[in-house]
Amino acid sequence: MNLVNNVFSRLTNHFCRPQKSAKKAKERLQIIISHERARRDHPDYLASMQKELLDVIAKYVAIDKDAVRVELERQEGCSVLELNIVLPQQE
Amino acid sequence: MTKIIVVTSGKGGVGKTTTSASFAVGLANRGFKTAVIDFDIGLRNLDLIMGCERRVVYDFVNVIRGEANLNQALIRDKHNKELYILPASQTRDKDALTLEGVGTVLDELRKTFDYIVCDSPAGIERGAQLAMYYADSAIVVTNPEVSSVRDSDRMLGLLSSKTKRAEEGNGKITEHLLLTRYSPKRVSKGEMLSLEDVNEILAIPLLGVIPESPAVLKASNSGVPVIVDSESDAGQAYADAVARYLGEEVPLRFLEEKSNWLKRIFSFKEKEVV
Ligand SMILES: Nc1ncnc2c1ncn2[C@@H]1O[C@H](COP(=O)(O)OP(=O)(O)OP(=O)(O)O)[C@@H](O)[C@H]1O
Ligand SMILES: [Mg+2]
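Residue numbers (my numbering), protein chains in the order written: chain R, 1 to 91; chain Z, 1 to 274.
Simulated from the structure, these hints should not be mistaken for laboratory data.
Be a bit skeptical, because a hint or two may be false.
[What the hints assert, rightly or not] Derived DSS-like pairs: lysine-lysine, alpha-carbon spacing no greater than 25 Å straight-line:
1) Z:K111 / Z:K172
2) Z:K189 / R:K20
3) Z:K189 / R:K23
4) Z:K258 / R:K23
[As the list claims (entries may be wrong)] From chain R, some residues computed to sit far from chain Z (all C-beta separations above 10 Å):
5) E36
6) V68
7) L87
All values derive from a computational prediction rather than experimental measurement.
For every residue, glycine included, the Cβ atom is placed at its ideal position computed from N, Cα and C.
Only chain R is shown next, with the shape it has when bound in the complex (with noise of 0.2 Å):
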């Protein structure tokens, strides 16, 4: 019995092999690089710059913080500053 058990484990490692741990390793290390790269881009003043919108905006309309992106993103000559704001709908 035991040998059976063996022998078959050992066809479906064979068959259907186990993600090699390389792969893994790579593909972990391409989502953390490609996030932190993003984030180091980023100037210095960013967060206050956010805050101090968001704070601008939160004056006129009660805005939920969670509803609210700011990207930068990157492009040849210049960057771009894209806020996203989801306003509440009027009553």
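Keeping the supplied structure of chain R fixed, place chain Z with the ligands upon it in accordance with the hints.
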């Protein structure tokens, strides 16, 4: 024009000192007047790897503090008269190196040397940043392993922002990837990141691949940089990397598992059985 090369990595223990020593010997063997500086204040080790530990009298910090002049601190290599070593101090004062002090010493060295190789300490703090600040080019030493690759990427970020060239907008530092402790056997088994993987992630020009090799320990045991062991795989791989640094086109070697015909027959049989 003198070129200042920093050997850096972020992560510790990946092979910076091994690389600095072999690179400096390689450049000197090509006839360039070369100085190699140990920036690892408090943890002096380059002297051991270069085999000159018993000849250290004055060090880098002594020179910066004006307690010795540069000629008193520089140690001439036993085998190559074009090569000089500037050892690190063993002081525990981490602030012993100053930006101005390092700049002054490098300017003095520029007058006589063609190449200055800076062996960076590990980490991303002050010591590592001082080692890279004045560099013209960087050798980023990376092991095929997640934390080393990630740290290398962070070093690339620092190299493009926290250096004199970056601050003055004076042209980018040239970046070179040196993949070390590479084990083709483990790569072929899918256990280790491959050269292609690391290349794709870091995306900087490749200077070379140094195989994991027992010759490296043998070399450090005897205080002779591994490049001198021209019979060894690692020694040859370092010589190739130096040649590429100097602009020569040299094909990559040691990327395949050493092929052993006996082993090949056995692995063939194994497949047939399954
Ligand atoms: N290609 C290689 N094959 C086998 N062993 C190696 C190889 N390269 C380096 N080593 C070993 O790895 C260890 C660390 O090497 P080294 O001192 O050069 O690293 P380092 O990056 O300078 O370390 P630190 O960050 O502490 O300064 C040493 O024991 C060395 O012998
Ligand atoms: Mg070291």
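Quick rundown of the hints versus the structure:
1. Using a Cα cut-off of 25 Å, the hinted pair K111 (chain Z) and K172 (chain Z) holds, with the two alpha carbons roughly 23 Å apart.
2. Restraint check for K189 (chain Z) and K20 (chain R): satisfied, since their Cα atoms lie roughly 8 Å apart, inside the 25 Å limit.
3. For the hint pairing K189 (chain Z) with K23 (chain R), the CA-to-CA distance comes to about 11 Å; that is within 25 Å, so the pair holds.
4. Between K258 (chain Z) and K23 (chain R) the alpha-carbon distance is near 23 Å, which keeps this suggested pair within the 25 Å criterion.
5. Distance check for E36 (chain R) against chain Z: the nearest CB is about 7 Å away, which does not clear 10 Å, and the non-interface claim fails.
6. Every CB of chain Z lies more than 10 Å from the CB of V68 (chain R), the least distance being 27 Å, so the non-interface label holds.
7. Against chain Z, the non-interface label of L87 (chain R) holds: every CB pair exceeds 10 Å, the least being about 36 Å.
Hint check: a violation occurs at hint 5 only; the rest are consistent with the structure.
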